[in-house]
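My request is simple: use the sequences and hints to build the entire structure.
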Amino acid sequence: MKPPPFEYYAPTTVEETLTHLANHGYDAKPLAGGQSLIPMMNFRLAQPSVLVDLNNITDLSYIRPDGNGGVFIGAMTRHKKVGSDPLIAKQIPLVHEAIPNIGTPQVRTRGTFGGSLSHADPSAELVTVSVTLNGRFRVRSQKNERWIPAGEFFIGSFTSALEPEELLVEINLPCLPERSGWSLMEVARRHNDFALVGVAATVTLDKKGNCESASIVFLSVGDRPMQAHQAVGLLKGQKPTAELILAAAEKASSVDIDPGSDIHATAEFRRHLANVLTRRALDEAFNRAREN
Amino acid sequence: MKLKGEYTFDASREEVWKIFRDPDVLMMALPGTKSLKQIGENDYEGELQVHIGPIAGSFGGKLTVSNEVPPESLTLTVEGNGKIGFVKGAGDVILINQGDTRTTIQYSGEIQIGGRVASVGQRLFDSVSKSMIDQGLNKLNGILQDRTAVHK
Amino acid sequence: MNNSFNLSITVNGIQYEREVEPRLLLSDFLRHDLGLTGTHVGCEHGVCGACTILFDDEPARSCLMFAVTAHGHHVTTVEGLGSIDHLSPLQESFREAHGLQCGFCTPGFLTTLTAFLKENPDPSEDEIREAISGNLCRCTGYQHIMDAVKLAAEKSGN
Amino acid sequence: MTKHFIGERIKRNEDPRLLTGQALFVDDVEIPGMLHAAFKRSDYAHARILSIDVSTARERPGVVAIFTAQDMGEDWMPGPPLVSPPPTVKDVTFHSRRQAPLVKDIVRHAGETVAVVIAENRYIAEDAVEDILVEYEPLPVVTDLEQALAPDSPKVHDDLDSNLAAHMYQQKGDYESAKARADTIIKRRFYIDRGAAVAMENRGIIANWDEKSKQLTMWDTTQAPIPIRNGTAARLGLSDSQVRVIAPFVGGGFGPKIMMFYPEEMLLPWASKKLCRPIKWIEDRRENFYATTSERQQLHDVEMALTRDGHILGLKDDFLHDTGAFDPYGLTIPLNTQSHLMGSYVIENFSSNCTAVFTNKPIVTPVRGAGRQQGIFIIERMLDIACKELGIDPLEIRRKNFIPPDAFPYHNVIIDQAFSELIFDSGNYKAVFKKTLQMIDYERFVKEEQPRLRSKGKLVGIAIVPFIETTGVGPYEGARVQIETSGKVNVSTGYGTQGQGHFTSFAQIVSEQLGVAVKDVHIITGDTAEFHWGTGSFASRGAVVVGNAVHAAASSVRKKVLKQASKVLATPEDELELEDGLVRVADIPAKSISLGELAALANPLRGAVEPGTEPGLEATDYFGPQSGTTASGCHAMILEVDPETMMVDIKRYAVVEDCGKVLNPLIVEGQVHGGVSMGLGNAFYEKLQFDENGQILNASLADYLIVTSFEMPPHIETGHFETLSPLNKLGTKGVGEAGAIPVPALFAQALENAFQGRDLEILETPLSPNRLFELLQESRTTKEKSQ
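Chains as they are written, first to last, in the working numbering: chain A, 1 to 292; chain B, 293 to 444; chain C, 445 to 602; chain D, 603 to 1389.
Calculated from the structure, these hints are not laboratory results. Note that beta-carbon positions come from the ideal geometry of N, C-alpha and C, so glycine has one too.
Per the computed footprint, the stretches of chain C lying under chain A, defined by three or more beta-carbons under 8 Å from a beta-carbon of chain A, are:
1) 499-508
2) 564-578
Computed list of chain D residues with no C-beta within reach of chain C, every gap over 10 Å:
3) K990
4) P1007
5) I1025
6) G1183
What follows is the structure in structure tokens.
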């Protein structure tokens, strides 16, 4: 299991990188942490003819406040750094809770925030969480720069809105308003496995204690992070009673998602788990919202 | 692996049927099709360059159309071989009239995958095939609308 | 396409200059170019953890890195942790607690845990479990490995 | 009073090398000018090869040679059968079909070797493998055991009438008459699926033919170096003395590393001889799932005849056994299954038809447990079901039927894997059972804990399962023990070692005899240049068969030492003692001589030794038991299930092991822990997923789930119970596979106990959260129907 040959570039700046991407287009693949790409190359399922190694670009690894309580995260920031960052823990607790669910300790020392998002794996925690939080991504190419909302970034299985010559350089995650709660629930075969089903939820209560807004996004039940719009519709403006949460979980698992069957779980079992996890996630999220 | 789904085109059943029988259009629709040439009345031969995120592989193979009941239904059989494995599958496509400008197609079939991609790529299949089919059908719908636009 | 790359890397404190093909995996470079065969290769897709090394003192899968990416960095392999006559406290604890059988996965555990104990000298049971959850062992059922880590932590404690 | 070494928790001699990366594994061997091999394997499980085009591959720079079956002349042929069917079982049918180094015409399972590329490095070799174009005519595939025997089934070997690989009937007493007397007959069908061994080190081979010395040296991850040496010499038309096989440190075996001969094992020496270059092949993880053997798929139709009060009158089990595309290893696994179907119990009447079936799947040979786990799963499940049907307590029914301590040696009449009668030599099953119940605190849990937790909505279950393990079978092993003039002791054996601690446990046996420190005993295993005779590591036989050979050789050396010393020290032998590397006079410690000095005296440079004396302090001896020893044990478990997600959390685990005399408790406990982790895999995580086309759908460690630190119980409490085996001087019985054997039966019992009231009946293994979910759905719907 040895990777196929490729042309290799090790730029030290983003500009240099964008030039390589512009020159090679579809044949080029940026190499971030490599924790998803290199296994696929070792299996020879991925055979990029050009690799542009981002690991020598020093100024893409940072976490800083965005001024409105949210954070900017450099695309090459390693998971471990994000997981241990006090600002993230305080302002974006959902991400703080998501990090330990990513791969293994050894994967988290190499894997990067931007790499995980660009890989667009529908089973990836950060992919789901960034959509749940309404994050946005700064994307650059030689010619221009644009911000893409997380909700529009993931367009299919392992397929993002990135053009071949574009590079994801920065992630902006807003913090939750007050009276908000969050939760991430997963079921995986083994501790470190990709979740059979996972759900990330955030809720915000109004002063009367009704659900002002909510966001429920699933992983591993479709070809992209699946947003439970209908379930959220049920919650909005309502008192988050046990009955309402049950109804929302039912709606989310029966209507909002499109799970498939694979060797680890059937679609039916996935729907069942989605139901259970949504209920548990909303319970936890609303409880946290009441405390905050 | 079973494939099953539904898609509604904004065009009449006849128009949808036409493109389904037009290799040039199919070629544009099947993601990554490099070539597709008719080798018999109902047989096509082609080369497919699958490109989903980092996963890439080229398949050479045959596409056969059978059980034609114009413009209602047909069966598509594909057989492909490549470095990362092989694909074999057959699917029935039914076209359902939804008025003059809308047509729903229902497809259901079984696809077999073998070799490297089958043995280590399981987790990706379902979502990847979903993506590919959606991409393809959206493309087709786009093409259709351009055509109808031209006709008007 | 056989473009080669001049690699400069420090391994176990020694600096090496080598010309390598970009696709050469760091695991193969350490084992076959430098002859540091203590780093073992069990799956080459980043699951088993046998190939774990310390990359700038952080545990990383050497099968999921190209040697060229390690250019200008420093790496510690199991050979750098101790010697037959001077086992590190962790290595000694593995021996006392019988934390290894066939020993194939062991180098990955040792590198992972060396970094872990540095960050977390007094770990809880669950923290140890988490720390080794990215290393597969088929012989021990992990119990004696857990014991070994506790033992090493106690030792360094007093 | 001499010091004791046997039975002590002694740190392992081999560890310092393994802990510092200084232990030699096959892939660590580097030879100047070494080439690297990679195999083109079939993507299809069943297909006719129409053409193989290697022209592009040959062009690739760095490619040295490419071989297909066509290039091998007659040498492409399969080797001789490895293990013959039991001659002692009457009317046994056996169709022997073996794998070839390279397939000539028809591939019969996915992953079969079609061509080999030999190149300057592995990267290039793999590039070239991708260049090879093979044109196949796909043939219909059969993977299902029952379908395989259907008249219209595709045939794996078209020269046979059917896919029946073997048939074997064994009986004890007369089941039909027992059935006639029975108050209850319980019938069930059980399905056991296939799992992989997944040693952390994949297989690897280096072959180095030296044209000048006409010597072949082979490094191989094999569990059986001597047979590999003999077979390789025979295949290549060389004498045994021209072939040296070295099995250095091996990263886990668990059975499959013994499967002589793997295609790669036949091909590498052949190619090295042809090219006169050293060649290395290291299996990669994906290959390992296809190219290395696996085990356990069986389909059982079982009948148990009982009295109203739960006495077993008879057991009938007709089962199908999947042997994959070939059957080089004979009937070892199904023989083990039959040998364990009666478990720890007195069953006077037994009847078992075993039908081995060819399928288009990789070859089946023993994996840790080797058919025993299936047998124990059946008998223990049947007892649990009987309890429910008869309203008897699960502990009671077992106590009732245990073979009593005074019944040993207990004759089971049928033939076991050693081709001799299945005789249980020793044990005390009741006492081991009792001890296990105490360790898990069974009574209190069931009376107090469980009700309390259940009232809190916690779904907790408890289980206890006793088991036996046939171990330590022949034919024989040998060892040579020699005291060096340094006073250190050298021991060599032809046995292979894969982590079992032989460098320490064998040393302890020597130390016990010669009074030298364990660290001063140097054990050499797995090098045919060091010891000429042996069979291999299988059937949990190392401690028993090699251990006793080492013991015998060490005792002979001890005699020589005493004889010599009594002359030198002018003291009668019975007044001498061996301790701290010295021979000394018991009452006058000052009066002594070191073993090193004695060794020097035993190998003089001048003068004459007495006629008949052998030089040196050295002895070689062998041990060949008439029949195997039967170890036993008992496992207990407490688990909790999340009733919604079906995730299982094991809370407590207890094991009592009776492997006779324990040589080193530390090592025995390690063996047990490892076995349990593998058994848990077979119960809930590890299933090789084949689709109907014979494709393995989870040929990676990301999808094939071996347990991690989190899936294991927080702690496995281990207790030892020693009933010495009368069959060998040390009194040892094997323990290598024991840990894995009862786990699936135990796990199933615990789940049913946790779901009591939900009429969950588990008739299969491995399970999964998804499968458990389905079973509970089914039980619900059947309930609704019945209401």
